[in-house]
Amino acid sequence: MTARVLGISGSPREDGNTDIAVKMALDLIKGKADVSTEFVRVADFNIKHCQGCRQCMVLGHCAITDDDYPLLRDKLLSADVIIVGAPVYWSGPPGVMKDFIDRTHGFYLDRTRLSGKKVVLISVATEGGFEPHEKILSWMAA
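Residue numbers (my numbering): 173 to 314.
Any given hint could be a false lead.
With a straight-line cut-off of 25 Å between C-alpha atoms, the simulated BS3-like cross-links for lysine-lysine are [said to hold, decoys possible]:
| no. | residue 1 | residue 2 |
| --- | --- | --- |
| 1 | K247 | K290 |
| 2 | K247 | K289 |
| 3 | K195 | K247 |
| 4 | K270 | K289 |
| 5 | K220 | K270 |
| 6 | K247 | K202 |
| 7 | K202 | K289 |
| 8 | K270 | K247 |
| 9 | K195 | K289 |
| 10 | K290 | K270 |
| 11 | K290 | K202 |
| 12 | K220 | K247 |
| 13 | K204 | K247 |
| 14 | K195 | K270 |
| 15 | K289 | K204 |
| 16 | K204 | K290 |
| 17 | K195 | K290 |
Quick caveat, the hints were computed from the structure, so don't treat them as lab data.
Please model the complete structure; the sequences and the hints are all you need to start from.
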């Protein structure tokens with residue numbers, strides 16, 4: 173069975189370091205296993221800001237229905253392996269990635285929707301040390 177691998181770049185910079193790193197990871201996996209891969213950039217989708225209404229916790233899905241978030245959500249749900257790349261801007265992910273992260277809040281209610289999936293994190297920063305990456309890693313661990 174061919175595994176589906178989804179590479180997500182959370183950078184607003186097209187062809188920047190995060191895009192390059194995620195694409196390299198996809199290429200490495202393609203060379204080692206029977207997989208189908210897809211690369212998406214969060215910035216290429218129209219994702220509205222989370223309203224903090226918590227309807228996702230009641231309804232099981234986001235109350236906002238007139239944007240592209242459902243397209244990305246469905247890609248997440250259909251993938252076997254998810255590679256998430258995000259740069260660190262001012263101690264956290266950039267706005268486009270933060271909007272995406274906020275909209276995944278409904279997954280915290282029903283964690284079974286993502287259970288069994290393998291996740292790879294790629295965090296890119298120009299500053300040294302581990303500290304700039306901690307917020308991005310803590311989001312994924314939750």
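Of the hints given before, which are not true for this structure?
none
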